[in-house]
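A.B. asks: Starting from the known structure of chain W, fit chain Y onto it as the hints suggest.
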Amino acid sequence: MYNFVSGPLVWIAFIIFFAGMIYQFLRMLKSAQKDKVIYPYMSLKYSLRSLFHWIIPFASKNMRARYEVTIVTFIFHLSLILLPIFLAAHVVMFTFSWGPTWSVVSESTATFLTVLVILACLFFLIRRLMLPEIRFVTEPSDYLLLLIAAAPFLSGFIANRQWFDYETVLIIHMISGAIMLMAIPFTRLSHMLFFPFTRAYMGSEFGAVRRAKDW
Amino acid sequence: MGLAALPIVNDPGLDIPIQELTPERIAEVFNRVVDQETAARFKVYLNTCVHCGLCSDACHWFLSNDRDPRFSPVGKVKQTLWKLIKKRGRVQPAFIKECSRIAHTECNVCRRCSMYCPFGIDIAYLLLTVRRICSELGVVPQFLQDTVNSHAVTLNQMWVKQDEWIDTLQWQEEDARAEVKTGRIPLDKEGADVFYSVIAPEPKILAQLIGNIAQIMAVAKVDWTMPSFDGWDNSNMAMYSGDFEIMGRVERAHHDAALRLKSRRIVMGECGHAFRGAVYDGPKWLGWREPPIPLIHAVEFYHELIFSGRLKISHKFETPVTVQEPCNIIRGRGLGPKLREIIQATCADFREPEPAFEHNYCCGAGGGTINCGPPWKTSRVKGNSVKAEQLAATGAHVIITPCHNCHSGIEDIVGAYKLGMHVKFFSEILMEVMEIPEELKA
Numbered sequence: 202m203y204n205f206v207s208g209p210l211v212w213i214a215f216i217i218f219f220a221g222m223i224y225q226f227l228r229m230l231k232s233a234q235k236d237k238v239i240y241p242y243m244s245l246k247y248s249l250r251s252l253f254h255w256i257i258p259f260a261s262k263n264m265r266a267r268y269e270v271t272i273v274t275f276i277f278h279l280s281l282i283l284l285p286i287f288l289a290a291h292v293v294m295f296t297f298s299w300g301p302t303w304s305v306v307s308e309s310t311a312t313f314l315t316v317l318v319i320l321a322c323l324f325f326l327i328r329r330l331m332l333p334e335i336r337f338v339t340e341p342s343d344y345l346l347l348l349i350a351a352a353p354f355l356s357g358f359i360a361n362r363q364w365f366d367y368e369t370v371l372i373i374h375m376i377s378g379a380i381m382l383m384a385i386p387f388t389r390l391s392h393m394l395f396f397p398f399t400r401a402y403m404g405s406e407f408g409a410v411r412r413a414k415d416w
Numbered sequence: 009m010g011l012a013a014l015p016i017v018n019d020p021g022l023d024i025p026i027q028e029l030t031p032e033r034i035a036e037v038f039n040r041v042v043d044q045e046t047a048a049r050f051k052v053y054l055n056t057c058v059h060c061g062l063c064s065d066a067c068h069w070f071l072s073n074d075r076d077p078r079f080s081p082v083g084k085v086k087q088t089l090w091k092l093i094k095k096r097g098r099v100q101p102a103f104i105k106e107c108s109r110i111a112h113t114e115c116n117v118c119r120r121c122s123m124y125c126p127f128g129i130d131i132a133y134l135l136l137t138v139r140r141i142c143s144e145l146g147v148v149p150q151f152l153q154d155t156v157n158s159h160a161v162t163l164n165q166m167w168v169k170q171d172e173w174i175d176t177l178q179w180q181e182e183d184a185r186a187e188v189k190t191g192r193i194p195l196d197k198e199g200a201d202v203f204y205s206v207i208a209p210e211p212k213i214l215a216q217l218i219g220n221i222a223q224i225m226a227v228a229k230v231d232w233t234m235p236s237f238d239g240w241d242n243s244n245m246a247m248y249s250g251d252f253e254i255m256g257r258v259e260r261a262h263h264d265a266a267l268r269l270k271s272r273r274i275v276m277g278e279c280g281h282a283f284r285g286a287v288y289d290g291p292k293w294l295g296w297r298e299p300p301i302p303l304i305h306a307v308e309f310y311h312e313l314i315f316s317g318r319l320k321i322s323h324k325f326e327t328p329v330t331v332q333e334p335c336n337i338i339r340g341r342g343l344g345p346k347l348r349e350i351i352q353a354t355c356a357d358f359r360e361p362e363p364a365f366e367h368n369y370c371c372g373a374g375g376g377t378i379n380c381g382p383p384w385k386t387s388r389v390k391g392n393s394v395k396a397e398q399l400a401a402t403g404a405h406v407i408i409t410p411c412h413n414c415h416s417g418i419e420d421i422v423g424a425y426k427l428g429m430h431v432k433f434f435s436e437i438l439m440e441v442m443e444i445p446e447e448l449k450a
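So the protein sequences, as listed, match chains W and Y. Under the numbering used here, the first residue of the first sequence carries the number 202, and numbering increases by one thereafter. Under the numbering used here, the first residue of the second sequence carries the number 9, and numbering increases by one thereafter.
By construction, these hints were calculated from the structure, which means they are not laboratory data. There are no misleading hints in this set.
Residues from chain Y that face chain W, not an exhaustive set, calculated with beta carbons under 8 Å: (1) 49; (2) 56; (3) 340; (4) 367.
Since the structure is predicted, the reported quantities are computational estimates derived from the model, not experimental observations. Glycine is no exception: its CB is placed at the ideal position from the N, C-alpha and C atoms.
With the rest of the complex left out, here is chain W:
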């Protein structure tokens, strides 16, 4: 079991992740052709102007108004993407198989960031449960997606602490990581791929066509 999840499953997960992302990207490009307005109105200048105001914390009005969501969201997304790439345990496994290595974050930093991700997931969960406007639009899949995002971090944290049976927890960790990777292209987690494009289109329409700000 351990050999499978740490070997073939990783391959499968990455292949599905990358192939899925490419497939969704190409499908979007094709579908954008049918949507007659997209290509004529796309503007690099206004796309970047819009993205710029939405990837910098507090650069847009709603990010300032909902500052608590902004802080948590930025910490969550940055840790979610960077932590797995720079975690010592991950880099060591990569180096063992392939050779190259790169600098890693210290264990205490990693633990701290993992806890932040888990707390952020808790924040999203509580927000979803407590705020009527979010509860109203919450579907079971929203909880599932939150779980998919939280599971690798929660299990990674438990594995690191060596609570419960280490190997079982490690297997759960690797499976949950694989599930997340595979889910990204095919669920609403695909906002990882689509976010720059929806933003760019709206930025283009606001900037080039409507000559207005969109932040």
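C.D. replies: What follows is chain Y alone, placed relative to chain W:
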């Protein structure tokens, strides 16, 4: 959820057509619209939305209805499209009435929410797609559909006949000449610098606005014309009902009229939705990237006249004023700074609203909502108490409102919330402060 039931509103435009519908027919239309008329935006928007609810605070309906989640932008999409998609359009006819209520009467497609969505999802576009589906099923609020029928038959919104149109212009020309000797409304003049177009409610119920513009044009010595034939009405309610075929015809007729008269540019009267239709929603449908001849809104035109010195201001308007910023020319064309400049140039005491510019609240009437008529007025006025609070907080006595939909909507709000304020078009301010040279005075 424990949400109280919303009042049931009877509207023959919804209640009668749904009796003829079946889930099969609804599914057929829904799938046709989704498969043939939508593509990347529709799919990506729906697949990208993470149901975070951050769009809620953008919506005046949501804020005014005590943060009732049914009025949040994403809440409206959930109550319409999510279910339609889940059921592949096989829904009960009564559900289509709900869709129309939400999309036609409880959303002004003002696009404020797309400035609050972190992904920039165009939620208004999604609700316009719901309107399209309802319209294709023949389910449209009766008053709104009547304006569309009028567009279809007469190419204007209010069943104005050609002789009535010409007659009104002659009458207004006479009125203008009572003030300014050279006041004229040149009909069908070829090669004029300005082709001036208005919305049909002007000749129908607000004719003095045409007389006013005749005086302004005469004083500023503008070479202008209006057509005696169809295409003079720049309004477009079909754009909002979801009847895009009629929308395209109306927009084409407007641009064609200006082209036929070989005008150098179109100047549109003080209306927001008409501008949106002429400058991008219409061209988009017609496959034009840009309108065929330059086209500007009255606010830009007045800015040009005042700051080029063609119109002189004799004295400033003293009463404290604030502004209602029409979504379709502010969020829709970035005219916020120019609007302020012409107000500052003509008014002594301008009170800035908060929020302002692109973030200003919608009037609650635009997007075809006020055209849904009296049955929906109560919910419309209730759905914009934040606007009443915002206006009251300025302490102004006059609200300058360079848009017809805003004008009527704000008047309703001023009345319902007893604000004791007056609503004026910018041209009405201009009429009071513009200098008429002695030699032109009648």
